[in-house]
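Student: So the chains spell out like this:
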Amino acid sequence: MNPVNYLYLAALLFTIGASGVLLRRNAIVVFMSVELMLNAANLALVAFSRLHGNLDGQIIAFFTMVVAAAEVVVGLAIIVTIFRSRHSASVDDASLMKL
Amino acid sequence: MSFPLLTAVAALPAIGAVATAAVPAARRTAAKWLALAVSLATLVLAAVVAFRFDPGGDRYQLTESHTWIADFGVRYELGVDGIGVALIALTALLIPFVVLAGWHDADPVEEEAAPGRRWRPTQGFFALILAVEAMVVISFAATDVFLFYVFFEAMLIPMYFLIGGFGDRAGARDEAEAAKQRSYAAVKFLLYNLAGGLIMLAAVIGLYAVTADQLGEGTFSLRAIVEARASGELTMAQNTERLLFLGFFLAFAVKAPLWPLHTWLPNAMGESTAPVAVLITAVVDKVGTFAMLRFCLGLFPEASAWATPVVLVLALVSIIYGALLAIGQRDIKRLIAYASISHFGFIILGIFAMTSQGQGGATLYMVNHGISTAALMLVAGFLISRRGSRLIADYGGVQKVAPVLAGTFLIGGLATLSLPGLAPFVSEFLVLVGTFTRYPAAGIVATFGIVLAALYVLVLYQRTMTGPVRPEVERMPDLRKRELAVVAPLIALLVLLGVFPKPLTDIVNPAVEHTLSDVQKTDPDPEVEAAK
Amino acid sequence: METLIGLLVAAPLLGAAVLLCGGRRLDRTGHWIGTALAAASFLLGAVLFADMLGREAEDRTLSQHVFSWIPVGGFQADVAFRLDQLSMTFVLLITGVGTLIHVYSIGYMEHDERRRRFFGYLNLFLAAMLLLVLADNYLLLYAGWEGVGLASYLLIGFWQHKPSAATAAKKAFIVNRVGDIGLSIAIMIMFTTFGTFAFSPVLESVGGTSEGTATAIGLMLLLAACGKSAQVPLQSWLGDAMEGPTPVSALIHAATMVTAGVYLIVRSGAIFDAAPAAQTAVVTVGAVTLLFGAIVGCAKDDIKKALAGSTMSQIGYMVLAAGLGPIGYAFAIMHLVTHGFFKAGLFLGAGSVMHGMNDEVDMRRYGGLRKYMPITFATFGLGYLAIIGFPGLSGFFSKDKIIEAAFAKGGTEGWILGGAALLGAAITAFYMTRVMLMTFFGEERWRNAPTPSPKEPSVEPAAETGGEYEVPHPHESPKSMTVPMIVLAFGSVFAGGLFSWGEAFVHWLEPVVPFEHGHPPVSALTVTAATVVALLIGVGAAWLQYGRKPVPALAPRGSLLTRAARRDLLQDDFNHVVLVKPGEYLTRGLVYLDHKVVDGAVNGTAAAVGGLSGRSRRIQNGYARSYAVSMLGGAAVLVAATLLMRAV
Amino acid sequence: MSTTTELTLRAQELIPAPDIEYGQLAPVLIVIGAAVVGVLFEAFLPRRARYTAQALLAGLALASAFAAVVGLAAAGRATTEAGLIAMGALAVDGPALFLQGVILLVSLVALLTFAERRLDPRAHGRHVDSFAAEGAAVPGGEGEKAAVRAGFTTTEVYPLLLFAVGGMLVFPAANDLLTLFIALEVFSLPLYVLCALARRKRLMSQEAALKYFLLGAFSSAFLLFGIALLYGYAGSVKYAEIASVVADTNRGTTEALAGTTGNDVLLLIGGALLVMGLLFKVGAVPFHMWTPDVYQGAPTPVTGFMAAATKVAAFGALLRLLYVVLPGLTWDWRPVMWGVAIVSMLAGAVIAITQTDVKRLLAYSSIAHAGFILAGVVAATPSGISSVLFYLAAYSFVTLGAFAVVTLVRDAGGEATHLSKWAGLGRRSPLVAAVFAVFLLAFAGIPLTSGFAGKFAVFKAAAEGGAGALVVVGVIASAIAAFFYIRVIVLMFFSEPKVEGPSVAVPSPLTTTAIAVGVAVTLVLGVAPQYFLDLASQAGVFAR
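Heads up: the protein sequence lines correspond to chains A, B, C and D, in order. Per our numbering, numbering of the first sequence is gapless, rising by one per residue and ending at 99. Per our numbering, numbering of the second sequence is gapless, rising by one per residue and ending at 532. Per our numbering, numbering of the third sequence is gapless, rising by one per residue and ending at 648. Per our numbering, numbering of the fourth sequence is gapless, rising by one per residue and ending at 544.
In isolation and in its complexed conformation, chain A is listed as follows:
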């Protein structure tokens, strides 16, 4: 099947992820949506890599996974600290600073 379809899928996933970020309150979920966007990018990379027949795309995908993992570490750390100090993982509750 035409590899270009994978691109459409990737775009779709990316959009879903983005809208997840905008719509969900729970920090964890928001963060998962970001991960989804990253993976959408990965999919696109791999698809392109297939199209171009060179490995760069796949290599980047590997790197991305590592980065994502690193982000998870930092992200979760932050989110958990917040959760412990204000007993809520809602992104909207964290709005002390404004204007």
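Please note: incorrect hints may appear among the correct ones.
[To be verified] BS3-like, lysine-lysine: derived pairs with alpha carbons at most 27 Å apart:
1) D/K201 / D/K421
2) D/K201 / D/K498
3) D/K421 / B/K180
4) C/K596 / B/K180
5) B/K481 / B/K400
6) A/K98 / D/K498
7) D/K201 / A/K98
8) D/K201 / D/K145
9) C/K479 / C/K371
10) C/K581 / C/K596
11) A/K98 / D/K238
12) C/K162 / B/K400
[Claimed, not checked] Interface residues of chain A toward chain D, partial, derived using beta-carbon atoms under 7 Å:
13) L12
14) N26
15) A44
16) H52
17) V67
18) G75
Quick caveat, the hints were computed from the structure, so don't treat them as lab data. Note that the structure is a prediction, hence the values are computed from the model and not measured. We put the CB at the ideal spot given by N, CA and C, even for glycine.
With the hints as your guide, set chains B, C and D onto chain A.
Tutor: Chains B, C and D only, in chain A's frame:
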């Protein structure tokens, strides 16, 4: 490489400023004397400049030129023509009086003066005055547009602190309100001028772009640009030139100030102490009119000619409007401020009349107005400091208790209404004649200014000095030695320059001829060749 | 010799400088210094006069170039003097009368602690006035012109603690300034037209320019003259000027300064000759003023104000004469001189009366003073006879000539002018007789206390003595005051005769002031007769009114004209309504405008930016997700924009 | 035996072993290496020793890295010897070295403020710095109290700082999209953590971290997707090759490419997303929203570091991207950048007017300045590049200094950042107020300060690049901006001091040095900028 005289004239007060600021908190008086000494030394240097200057010589003399910021094509280029000399002399001359007059204006109030406090208003006050002097001198001597711009802008900062930090405490009921009005005035002053300056910045950059585009590498050197224009290797598109001209002119019109960009001046002069007010109107504002003469006309002759009608009208409006508002004021210092607006109208009128009388008169006017306003404003300051009020209505019959004060005040006033025999008459009449020869209507309208001037001066004098003595002023002491030492020389100078202005005109005339040749204008010939 | 000219001016100037800067230590000697220097310059004048007489009529003109004053381009103003017969006449008048009045003031100002300053001002005036008449170019003349204005300002307001005095002084200066506009514009036109403003070149080359230009210059000069010489419509200040000490009124506002306008017109004769329209304007002003002043003079009860009105009217005569051209110039000057004598005398007399009546000025509070102050009576009387033109006295010669010249103008114009002059003569006789009678004859109205009247401002001095009234003890004034009066009286008697002895004066002036005989439609004798008749009528009427029946101590309401005349024919009310009030509204309006509109625009902009800021910062609502939205939106815009850019 | 050798041989011909110019990588390697060592310190050194050890280590590392950069520059790597290293992954050229130098100096100064521990009052007789005793402990909870009592300090900040610096060093030098992405993450992640570690106002600090993290991750997702699209467009992630495809030299080399390569939509969208990711780091409108909150919440030393260093790095990367990869697209991205620049200048200036918190104020001002710098970026001329380089150098030191001063003004609740508390500071401690005034004037672009020189350079470049309109807008924006800088000065000098106003803590030599350096640079670059302008203009050429 001869001794950099002009740099020295600027550097001396600059160093003096730093030194004064460094005087420890406890030694206030020392700071005052130091400042006075420095300002006097500067005066001496300025005198040397005046003597070294040869009216018959080149257009710009005592020149210095070093690269400063090659990337911007900026050079540290100094040089004076007669106009510059006159104004540098004026500046150097007035500062000692400003210092002397402000002797006690910055003495800290008790609880501030408490030992151990690091707050040192006195040192700051005099240091700032000297700093302003240094910057003003540079901008009078700069023949590099960028260099001029830098100091034109930079001098706002010390002025800003002088206005906002050291208002006379006669403004409002309580110190808090006074402080509020002060900082309002200071901010207004700064923003007005900064805005003007930033517009000019755009024009300065534009000028660079133009020169860079046509001369290969951008330059700000006034002389280089003027020569290039003369030789035709630099030509500006009409619209470009006009836009650039406007950019420059706006900045100068704010500084001058020209109606309708004047509203900062009454606040600034009203809220600040008399010496600072003098500094504003007699020294700093002159940079504006001076720059019109040197940069607007020098760099953009065609555009200047193009703008002349509008400028003349605005100048006339300033003359009449300023005078009328002066008549309508209740506050002595604001009255003087509006009077100054009227006078700046005359100066600008003279500059754009494009005749040797007009521009020569305008230059003399800058000097004379500086001295006369200084005299009037400083005496007014002494008066206000005695009664603690700026309202005209709070005075009456002062001449009975303090005749000398009243007398000097009257002389200052008479100078302001340009009575023959006192310096301002010479310049004002020159401006009028110079304008009339080319624009009769404008000349006639401006002439009405002299009646209005008589009105606001004499009304002020009548309300404050004559009539029955009010109980509040009964105890009022007459002028003290220090104060007399401030006023007497100024008055002597007014008389001298009114009776024998020749030395000044001799210096100024050649410079004016050059400026006129920049704009390719010559005086209109008389219609009948009179039998001489 | 030339160098002496400068000294003429320098001497009194030095005096002024010394006296004004000298400080209290000169209080005891000040007045002597002042008088001495005035006398010195008179002597100088005399010396120069002698020298002048010693030379041929043609080369009597001396000129001295002192230094170059304002040299800028083609504009070359010099400090240079020109002493010819005309200016010489003035020099003698000014220094002579001036010196006398200095002497007089020594006595008159004896009890004033600011006497030193008074003399300083007097000297300042002399210097300025001499500068005015000696200048050889219009700009220097202008300097003197404003200088005398300043001196008059200082002297009118000499008693500054009196608000009325301060106001009068200010008014005088400002009205004069209005006139000065004329002079300065005239100079500008001259410079533009001739490239110079020195007398001789300008006057010689007037012919070269258009009549329009000449007319313009002429009218401007006339405006200046009106201001300085209190001619309609700029006469309103002279009446109030009487607030000044009486010597001042005598010297400045009768003898010398107020005649400067006449000098200006005569001096610029060539210009007016080239501009008939301007001449017509001059004669009109003259005629109107001589009647105006006379009428005002009839209604005033304040002795000085009455005399002021008369001054106005007499100067009207001079201006009229000056406007007649060569047939009148000389007589204008002649009347000017004689008037200088008798009017000064009259004022000094009035001063001496006030001196003896503890500063009462209301003639209705005088009466029967002749036996208390005989010398004053005598001198005043002679002055009176002179001014009404009693045959044989100086006023007669000068005034009569002017009336003749007026008729000689020819045509209806001549008749009108002549008639006006005649009428003026009659009225003069009337009001002067009135003054005379009310002051020196009739019963002694000053014995009983004044009935306070609301609409009489001039009882202020009496009011100063704290309400209850002490009867004055009229007495003759000290020598220092009477001697000058006597001298002046001599002048007022003989000057006229002397001058017209074989037209001596006219011929003396002729080299500088062109003269030609006027030919009145009727014989000169008829005119003279008519004049005499007119004066008899005037005297008679006055006697019927004030001589026969007693003068009421409180002014009767009087006819409409009388009341108008008391208020200077509503001049001030006119100015108030037409100029002052609108001016006040204008300034107030502008102050408001400046604050609300011009300044408001600036502050408004600032406020607007502030408001914008306040509103736009709400976008920053603290919610991370909304931030994300803006980012996404931004990204969308970015993408869209880039695509768009490629599309177009 | 023989098979293995055979395998290795085949592997070597399949995957050629990369040759790395370690010498030219030295700056990065030193910093990263030091960071790793720092982590080891955390693991093995006793608590007492850590602060000193870490601070020294970091200082040493940064200093020697800077030395290395200077060395490279001296070796002509900035000009004649400029080139690509690590198989084209990194560029060692003028802009890279210049910016790396700036970043290292900035970090060095920032390090001083990190190590400051005299400002906060002693806790249980121990000096404490501005970082939480134990980041993981609940604010105000038992754990925190215990940690404080035990005198814990978060010395991890130093390795984190070093990692961030390492990332930043790579960022402007990155010469392929992958390196770019990695570098971005490498310096972002430590920053997220650093933001969360304030000692006072911890809730706000954590909130700042959360916002920064989420939005940062969000933006880097966009960036990554952009990378993907560009890769799809060009079939490579190397700048040079993408550029050549854009310049359409080797269009359609292989059949496979035919479908996608030269599909400009991919290029345009990809480029836009990529640029957006960078604009986020720069803090340009409309991607600026995180700036105020994060600047306010983060520990002030960290804010200073971020505000200065991140901008430098991000603008470096942006410059390289726009000048090396997308020059063929100039006419596509330029108008867009115009828009962003204008909006940033105006919005930043306008919104700042009504701010009441010093740190937020500075945040908005930084947005406005991002706009000014963009004006130079769009000039698309060599002088544009050098002007931006100069501006970055000037700006970063002013910013550092300003935030350093902010750390000094304190009351019971820690730093007193609310403007109302700054009233009358000039009366109480003229020197500090004066210094801060100098920084504000520099921000406002008053002549004789570095701010003016930078602004002039940028506007001049813009004008020459034919962007006169930008100059005018910039001028207007500066006028508006001047208003709020002036406001602060008025507050400090012309209004009466509050009775229970904040006190100015007397700092240790560390912060003093930091501020002094800031002032010095501000004035030197203002009065005699020539030398540095030369440096910048020499460094204004990218290696391709």
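Student: Indicate, hint by hint, whether the structure satisfies it.
Tutor: Hint check:
no. : hint            : verdict
1   : D/K201 / D/K421 : 17 Å, holds
2   : D/K201 / D/K498 : 23 Å, holds
3   : D/K421 / B/K180 : 17 Å, holds
4   : C/K596 / B/K180 : 20 Å, holds
5   : B/K481 / B/K400 : 19 Å, holds
6   : A/K98 / D/K498  : 26 Å, holds
7   : D/K201 / A/K98  : 15 Å, holds
8   : D/K201 / D/K145 : 15 Å, holds
9   : C/K479 / C/K371 : 17 Å, holds
10  : C/K581 / C/K596 : 22 Å, holds
11  : A/K98 / D/K238  : 41 Å, violated
12  : C/K162 / B/K400 : 11 Å, holds
13  : L12             : 12 Å, violated
14  : N26             : 12 Å, violated
15  : A44             : 4 Å, holds
16  : H52             : 4 Å, holds
17  : V67             : 5 Å, holds
18  : G75             : 6 Å, holds
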